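Participant: Chains as they are written, first to last, in my numbering: chain A, 1 to 286; chain B, 287 to 620.
Incorrect hints may have been included.
[As the list claims (entries may be wrong)] Pair by pair, the computed Cβ-Cβ distance ranges are:
1) Ala460(B) <-> Pro87(A): 39 to 45 Å
2) Leu258(A) <-> Asp430(B): 52 to 58 Å
3) Leu491(B) <-> Pro260(A): 48 to 54 Å
4) Val132(A) <-> Gln399(B): 31 to 37 Å
5) Gly402(B) <-> Leu111(A): 53 to 59 Å
It should be emphasised that the hints constitute simulated quantities derived from the structure, not laboratory data. A quick note: this is a predicted structure, and the numbers were derived from the prediction, not measured. C-beta: ideal position from N, C-alpha, C; glycine also.
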Amino acid sequence: MDTQFWVIQAFNGVSYGALLFLLASGLSLIFGVMRIVNLAHGSFFLLGGYVALTVIWTTGSWLLALPVAALVVAVVGLLMERVFLRPLGFDPLRQVLLSVGFAYLFQQAALDIWGGDNLDIVPPDMLKESAVVGGFYFPMYRVFMIGMALVMGLILWLTMEKTRIGAMVRATVDDSEMARGVGIDTSRVSMFIFALGAFLAGLGGVIGGAFLGVYPGLDFAILPIAFAVVIIGGMGSLAGAAVGSLLVGLADNFGKALFPEISYFTLYAPMVLILALKPTGLFGRE
Amino acid sequence: MKDGHAPRRKLLIIIAAMLAVLVLTPFSGSYVIVLVTHALIFAILAMSLDILLGYTGLPSLGQAAYLGMGAYLTAILATRFQFGLDGTFWVVVVLGMLIGAATAALFGLFAIQASGVYFLMITLALGMCVWGLAYRWNSLTGGDNGIVLPPRPAFGIELADDVTYFYLVFGFFAVSLVMMAILVRSPFGRSLVGIRENELRMRILGYNTWLHKYIAFIIAGGFGGLAGVLWAHAHGLVSPEDVVLATSVDALLMVVLGGPGTLVGGAIGAGIVVFLREYLSTLVPWWQYVLGGVYVLTILYLPGGLMSIPERIRGSRALSRRARETKNLQTSPH
């Protein structure tokens with residue numbers, strides 16, 4: 001185990017964390033605002049990848065696939081929130097089961113439309129190369145993933161901290177009853193956040209498609225990892241999602257390389273400990 | 287209940303239904319026998335979860351973990367030590383319940399203090415811990431491939447025969463149902479319902495609600511472990527698939543679909559979900575639409591589950607009768 005190992009593993013961990021950030025930041029916001037355990041979030045990720053494939057097959061443009069897939073998934077999320085989740089009212093168990101029902105429906109729809117094969121999203125040639133820095137090879141695609149997460153993170157942070165809607169979201173996370181009391185339309189905030197979360201997950205699905213592939217079952221494979229990020233970082237907190245993604249990305253990579261037999265355990269056991277000791281997560285708002 | 291005969295009639299219906307399953311199944315096709323056996327095993331799991339969800343108000347998202355512990359214990363003992371393949375099977379049954387209960391005792395230390403959404407999340411995480419070990423700890427669990435079990439135990443009785451095994455599982459199911467029914471009707475069970483309804487009031491009345499919930503959690507884990515032992519021998523293969531999140535979620539659906547707080551409701555739900563997953567999936571490629579649809583429709587239109595339907599019908603009948611009577615009252619003075 002030389003420097004080569006540590007640098008490459010750390011880089012892989014950070015870039016995987018970047019992908020997780022796209023997936024988990026939305027989940028975290030949804031959880032913070034609506035207190036919903038959304039088990040369909042992995043499906044948004046998977047749908048993003050599939051829609052992107054269709055866009056690429058019909059237009060040939062990978063660049064176009066990014067926004068189109070994310071927007072399509074956002075619309076799906078918006079409809080799901082408006083038509084089904086909103087009328088349900090606040091009941092954690094029923095919300096969970098409803099979201100699972102949708103996850104199965106999406107899974108079947110994806111199977112019918114795109115088939116059961118393992119597919120790959122091929123990125124543009126420019127991103128297939130590697131950058132060489134100090135004798136280390138860094139695949140450009142992973143660099144791009146980190147860049148994308150940084151850009152989205154910055155946009156999200158500016159939206160949350162500097163805009164009116166951001167302030168409304170933060171107020172709803174802190175105390176939704178109070179927020180309603182001062183005249184914030186928390187129903188609209190929920191709708192916005194759910195669609196935003198779906199958008200981010202869909203975007204993550206496109207970007208992750210070149211990296212993890214797109215296949216039936218990816219939705220439930222990636223979902224618990226996103227929850228680990230949300231829990232470790234803290235629900236409803238962007239900074240938490242960022243730190244949580246980084247920690248989980250690194251823990252996952254080093255765990256698999258150093259102690260493969262318990263590598264998932266090392267991911268979920270901290271999640272349990274944090275939930276037991278500080279349920280709001282490392283960066284959660286009290 | 288207003289109608290004094292209702293509980294007795296309900297009991298008779300349940301016994302009749304169980305007898306029908308017991309008598310009819312052996313005469314059905316070999317595939318149906320296997321299906322019913324699987325359904326009965328998951329019924330034990332669903333009823334164990336009902337103690338938590340229906341009676342105590344704890345929606346656990348990790349009940350598959352205990353099934354997994356029992357199943358892996360059975361598989362590892364059978365393949366490595368050839369233990370539990372003769373009369374020692376009964377020892378494995380006890381050990382399976384103990385490992386389920388012990389796992390729950392450990393997990394409960396973390397989970398019980400949490401409430402609401404946090405309880406969902408922490409039980410999800412605990413379930414994933416077990417999955418992670420099952421999936422990755424290759425040297426012990428066989429990793430992704432799982433463990434293939436040797437033929438079923440024989441101790442004078444050959445369990446290898448599917449009908450014999452069905453009788454055995456049915457016996458375990460019936461005994462579990464009776465034990466859990468006694469449990470929920472005991473003073474302990476009544477205080478669990480009290481905690482579900484209003485935990486603060488129970489605490490003020492002097493109940494140690496944490497301990498009550500903790501004990502309920504452990505008991506549910508024990509029955510989950512039992513289901514695991516039976517599942518390992520029923521399926522002949524134990525793999526991480528058995529402890530995935532979807533299994534835990536399915537168990538929740540079984541309870542909610544059948545009717546929480548009824549025990550038998552969970553058994554009915556288990557029958558339906560096993561039928562969809564194992565039978566319908568072999569008939570039509572679009573079976574997941576049905577499974578997803580059942581989830582969505584149950585949540586939207588059947589909050590009390592299937593067991594609440596008779597009551598609903600009675601309720602709406604009484605309502606329309608009362609409406610008629612009021613109408614008569616209004617019209618009669620004229």
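Participant: Hint by hint, note whether the structure agrees.
Facilitator: Here is how each hint holds up against the structure:
1. Take Ala460(B) and Pro87(A): their Cβ atoms lie about 40 Å apart, and the range 39 to 45 Å holds.
2. Taking 52 to 58 Å as the suggested C-beta distance range, the pair Leu258(A) and Asp430(B) does not conform, at roughly 20 Å.
3. For Leu491(B) and Pro260(A), the hinted distance range of 48 to 54 Å is satisfied, since their beta carbons lie about 51 Å from each other.
4. A hinted range of 31 to 37 Å for the beta carbons of Val132(A) and Gln399(B) is inconsistent with their spacing of about 52 Å.
5. Remark: the range hint 53 to 59 Å for Gly402(B) to Leu111(A) is contradicted by a beta-carbon distance near 34 Å.
The structure does not agree with the numbered hints 2, 4, 5 stated previously, though it agrees with the rest.
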